[in-house]
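A.B. asks: Position chain A relative to chain S; hints supplied.
Number of protein chains: 2
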Amino acid sequence: MAKIKVQIENSPYDVIIGKHSFSKLTAEIKKRNIPKNLFCVVDEKVYKLYRKEILQLKTKNRETTIFRLPASEQSKDLTSIQKIYSRLLKEKYGRDTTIIAIGGGVIGDVAGFAAATYMRGVQLIQVPTTLLAAVDSSIGGKTGVNFFDTKNIIGAFYQPNFVLVDTAFFNTLPKEEILSGLGEIIKYAFLTNEKLFAYLNKNINEVFALNPYVIRKLVSESIMFKGNVVAEDEKESGLRKILNLGHTFGHGIEVEQDYKLKHGAAVIVGIASSVFLSRRIGLITEELFQKYISILIQTKDWIKIESANLNKIYKIMQRDKKNRLGEIRLVLIKDVGKLLLDVTAGKREILFALENGIKLFR
Amino acid sequence: MAKIKVQIENSPYDVIIGKHSFSKLTAEIKKRNIPKNLFCVVDEKVYKLYRKEILQLKTKNRETTIFRLPASEQSKDLTSIQKIYSRLLKEKYGRDTTIIAIGGGVIGDVAGFAAATYMRGVQLIQVPTTLLAAVDSSIGGKTGVNFFDTKNIIGAFYQPNFVLVDTAFFNTLPKEEILSGLGEIIKYAFLTNEKLFAYLNKNINEVFALNPYVIRKLVSESIMFKGNVVAEDEKESGLRKILNLGHTFGHGIEVEQDYKLKHGAAVIVGIASSVFLSRRIGLITEELFQKYISILIQTKDWIKIESANLNKIYKIMQRDKKNRLGEIRLVLIKDVGKLLLDVTAGKREILFALENGIKLFR
Numbered sequence: 001m002a003k004i005k006v007q008i009e010n011s012p013y014d015v016i017i018g019k020h021s022f023s024k025l026t027a028e029i030k031k032r033n034i035p036k037n038l039f040c041v042v043d044e045k046v047y048k049l050y051r052k053e054i055l056q057l058k059t060k061n062r063e064t065t066i067f068r069l070p071a072s073e074q075s076k077d078l079t080s081i082q083k084i085y086s087r088l089l090k091e092k093y094g095r096d097t098t099i100i101a102i103g104g105g106v107i108g109d110v111a112g113f114a115a116a117t118y119m120r121g122v123q124l125i126q127v128p129t130t131l132l133a134a135v136d137s138s139i140g141g142k143t144g145v146n147f148f149d150t151k152n153i154i155g156a157f158y159q160p161n162f163v164l165v166d167t168a169f170f171n172t173l174p175k176e177e178i179l180s181g182l183g184e185i186i187k188y189a190f191l192t193n194e195k196l197f198a199y200l201n202k203n204i205n206e207v208f209a210l211n212p213y214v215i216r217k218l219v220s221e222s223i224m225f226k227g228n229v230v231a232e233d234e235k236e237s238g239l240r241k242i243l244n245l246g247h248t249f250g251h252g253i254e255v256e257q258d259y260k261l262k263h264g265a266a267v268i269v270g271i272a273s274s275v276f277l278s279r280r281i282g283l284i285t286e287e288l289f290q291k292y293i294s295i296l297i298q299t300k301d302w303i304k305i306e307s308a309n310l311n312k313i314y315k316i317m318q319r320d321k322k323n324r325l326g327e328i329r330l331v332l333i334k335d336v337g338k339l340l341l342d343v344t345a346g347k348r349e350i351l352f353a354l355e356n357g358i359k360l361f362r
Numbered sequence: 001m002a003k004i005k006v007q008i009e010n011s012p013y014d015v016i017i018g019k020h021s022f023s024k025l026t027a028e029i030k031k032r033n034i035p036k037n038l039f040c041v042v043d044e045k046v047y048k049l050y051r052k053e054i055l056q057l058k059t060k061n062r063e064t065t066i067f068r069l070p071a072s073e074q075s076k077d078l079t080s081i082q083k084i085y086s087r088l089l090k091e092k093y094g095r096d097t098t099i100i101a102i103g104g105g106v107i108g109d110v111a112g113f114a115a116a117t118y119m120r121g122v123q124l125i126q127v128p129t130t131l132l133a134a135v136d137s138s139i140g141g142k143t144g145v146n147f148f149d150t151k152n153i154i155g156a157f158y159q160p161n162f163v164l165v166d167t168a169f170f171n172t173l174p175k176e177e178i179l180s181g182l183g184e185i186i187k188y189a190f191l192t193n194e195k196l197f198a199y200l201n202k203n204i205n206e207v208f209a210l211n212p213y214v215i216r217k218l219v220s221e222s223i224m225f226k227g228n229v230v231a232e233d234e235k236e237s238g239l240r241k242i243l244n245l246g247h248t249f250g251h252g253i254e255v256e257q258d259y260k261l262k263h264g265a266a267v268i269v270g271i272a273s274s275v276f277l278s279r280r281i282g283l284i285t286e287e288l289f290q291k292y293i294s295i296l297i298q299t300k301d302w303i304k305i306e307s308a309n310l311n312k313i314y315k316i317m318q319r320d321k322k323n324r325l326g327e328i329r330l331v332l333i334k335d336v337g338k339l340l341l342d343v344t345a346g347k348r349e350i351l352f353a354l355e356n357g358i359k360l361f362r
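For the protein sequence lines, the chains are S and A, in the order given. If you're matching positions, the first sequence starts at 1 in the working numbering and goes up one per residue. If you're matching positions, the second sequence starts at 1 in the working numbering and goes up one per residue.
Chain S with its partners taken away, still in its complex shape (with noise of 0.2 Å):
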């Protein structure tokens, strides 16, 4: 097992990282003085693929609640919290309590809000099963629910005790959930180095062939990346926007597309679309443009959108949480690894972006 250290401010975590590291979670728990009162929210698909697994955390010296959820973006709101705080309560858990997550990225988003707000936060462990949650949400301590259309706009900042990731998990994923988490690997491939870039570019068959190596080292350099930055900027007042790179678009296109389309698919359409506009207001020559479009269009075949309202994007996009009062605010590409923040565009740029982004796609 691989452990990688997040330096945040106050309440430094581990990421432990290794094949079957679940058989391992009580043992972690063990080691570290938090409370032995388990409370887990567990995505139902995960809990009917690794049963035995999961039922082997409740032992006969503590409180161990399996508490199931179905994990659809629907389900991401605040009456699966209202339903967690029952239980809770109908259990008597108290202060001393371990809110455990176990899936992906909506149950850790849903059961780290509940612990964050539970009784004003209870501990936190995040045990992501998705390529997806692995090397994006479950890291750096975003919590939060939709409310009504908008993504995430209810919320806390609430940093887990630790974060166990088992790659196993990864197996019984469907392709288009390794697209997913492949989406986020290339926005970290942006963003960090040319070395990186050149690695995934040339492995992203690897990614769908879920060959463990390449698996485990790109995990790893994702997390050890976005560990940094929010280390850096725990409540996103600046550095830490650069994770946004593709993210206003792609937030816009997902709910636009009603959620038919993936997160991490979404983004990668959203990053398209920042390329086309980066190169639009002459941020980067026709040979960058062309360098980022074919490591993009290798996921072509994972995606379809088959038509899209771009007005209607657009209008998703302003309500954006990143947005000072409807003005748009992009994350832009310089070069690999350079980035520029807090770009705003008219909406003109915007849809031109849109349209090409998803043209790529169609």
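Source of the hints: derived by calculation from the structure; they are not laboratory data. Keep in mind that the hints are not guaranteed to be accurate.
Identical chains blur together in the list; that is why a pair holds if it fits in one copy or across any two.
[Claimed, not checked] Okay, derived cross-link-like pairs now, PhoX-like style, lysine-lysine, Cα gap no bigger than 25 Å in a straight line:
#: 1; residue 1: Lys241; residue 2: Lys315
#: 2; residue 1: Lys359; residue 2: Lys291
#: 3; residue 1: Lys31; residue 2: Lys60
#: 4; residue 1: Lys195; residue 2: Lys5
#: 5; residue 1: Lys58; residue 2: Lys31
#: 6; residue 1: Lys235; residue 2: Lys92
As the structure is a prediction and not an experimental result, all values here were calculated from the model.
C.D. replies: Leaving out everything else, chain A in the frame of chain S:
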């Protein structure tokens, strides 16, 4: 105007105290580097009484929304929180928002929790308009709402940018609201020292008469004491527990009486119950017992409990956040300024204390 600094690590803040200090609110915001898009959550009653003053917060140069909320314990729930979210979204408030809570404890708790969770946290200013909120809930960063029968079970620790106490608001408070603030002030007298205890013991009638000198002194002393405690223990892992003197009993009584008894009045009955328990288990002499009861009994004319279901109170107490799985933990008095934390007591002792504490006010 007087200023007290609450030295919370990473986010110290000022408490500004003065008669008619509300007129300085805009100037105080300007002095600080905080967003000028204001969203004011205002107690409906306060709005009616101080409409002119509150509307002066609206200027041409910024967004200002006045959101009115009835301030009953019943409106301290997730439904009110969701109404605030909806309005914030509808009026396109972004991260650069300052929420101002203008009202008593309910408004401060609800607006504070909304500020803690809207877009994962926006700025917050507390303007307590009741004596109770001024000396207690506006200081220390506890925010939250009730969930079904359980008080304050959902929430967050979230510090305001600053607190502004305008003692002129107290002039329009009904007597029972003054009593409610007095309940917490009596608690501080028990916690602080003999000098404050003796001063209050002599001046309780001056509190009811709203003698400006007495009010200002007691408010300042209370805020200073609470500020020091929460600065040392922001998240209630140790010292801060002393602030719960009378509160475990008090909450139980308050809920069982369906909030017909105001919070501070319930705390007075709760402290009385604690004093009975302290004597029963031999913590205090008969002489101290008489001394403590005599200050509490000065409020007797203002508190009326017709009947109470002691077993129901006991059950509600078991659900208190501070307890581990049903075990009741109390703060008990050894002497003025000397408290015992985390005292556990059996059902029989608890019922004895409740019965006698309540009987005092029948």
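A.B. asks: Decide, hint by hint, whether the structure agrees.
C.D. replies: Evaluation of the provided hints:
1. Lys241 / Lys315: This pair counts as within: shortest intra-copy Cα distance 21 Å, inter-copy 48 Å.
2. Lys359 / Lys291: Intra 18 Å, inter 82 Å, cutoff 25 Å: intra-copy only.
3. Lys31 / Lys60: Answer is within; shortest intra-copy Cα gap is 19 Å, inter-copy 58 Å.
4. Lys195 / Lys5: Result: close within a single copy only, 22 Å intra versus 51 Å inter.
5. Lys58 / Lys31: For Lys58 and Lys31, the Cα distance is within 25 Å only inside one copy (18 Å; across copies 55 Å).
6. Lys235 / Lys92: between (32 Å within a copy, 21 Å between copies)
In this structure, none of the earlier numbered hints is contradicted; all agree with it.
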